[in-house]
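**Student:** Taken in order, these protein sequences are the chains called V and D. Using our numbering, the letters of the first sequence correspond one by one to residues 1 to 115. Using our numbering, the letters of the second sequence correspond one by one to residues 1001 to 1110.
Honestly, I wouldn't trust all of these hints.
Now the stretches of chain V that chain D is said to cover, found in silico as 3 or more residues with beta-carbon under 8 Å [to be verified]: (1) 8-19; (2) 42-50; (3) 84-98.
No lab work stands behind these hints, which were simulated from the structure alone. Please read these numbers as outputs of a predicted model, since none were measured by experiment. A virtual CB, placed ideally from N, CA and C, is assigned to each residue, including glycine.
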Amino acid sequence: SAVISQKPSRDICQRGTSLTIQCQVDSQVTMMFWYRQQPGQSLTLIATANQGSEATYESGFVIDKFPISRPNLTFSTLTVSNMSPEDSSIYLCSVAVGLEGETQYFGPGTRLLVL
Amino acid sequence: GNSVTQMEGPVTLSEEAFLTINCTYTATGYPSLFWYVQYPGEGLQLLLKATKADDKGSNKGFEATYRKETTSFHLEKGSVQVSDSAVYFCALSVNTPLVFGKGTRLSVIA
């Protein structure tokens, strides 16, 4: 398994501002992901954070809005830029472990409210 | 494409009742299957998993069997407790990352 921490755990932000969320893992992992969970909804994959290269974004998500950094194998950041109330969600970091990366573990999430 | 369909909630049960949450999937390739649980105000926790046909995953009294012939992975528990109240997500993975169902909210009343 993996122990994942995220900071901040929650925040309230004004529209038009940006927030950077940090994800720290207790061991080196190759695959790290960022998900969004809108209120009362399931999880949607935002992007795969690749170490040493640009993140791979899913359809509907763009780098200008959700820039991601992955400076090493234990850490990543997701920035939510130019926020609007529609960005109010839980943002979760996840890592894949196992011989084929078949099992994912999740951080506790960052609860974001945009006013 | 890959997708997961799970039963609509919410599900409300009395303590000690039997629980079934249905989950079926569509996948290209040979997926691994998972159940995750999200307790109120918390992140997702891996509840159980199965990586090949006929495997049974189990944890905390919950069980699910990977049925390739019916493309299903139904979650069961023989006797639920109030502390099991949470949202349950079925998910699959084919070469990662996960594809989730919409989640089923379970409320257990004393």
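**Student:** Evaluate each hint against the coordinates.
**Tutor:** Going down the list of hints, with the structure as the test:
1. For the stretch 8-19 of chain V, the stated coverage by chain D is violated: 0 residues have a C-beta nearer than 8 Å to a C-beta of that chain, whereas at least 3 were required.
2. For the stretch 42-50 of chain V, the proposed coverage by chain D is satisfied: 4 residues have a C-beta within less than 8 Å of a C-beta in that chain, meeting the threshold of three.
3. Remark: the stretch 84-98 of chain V is confirmed as covered by chain D, as 4 of its residues place a Cβ nearer than 8 Å to a Cβ of that chain, reaching the required three.
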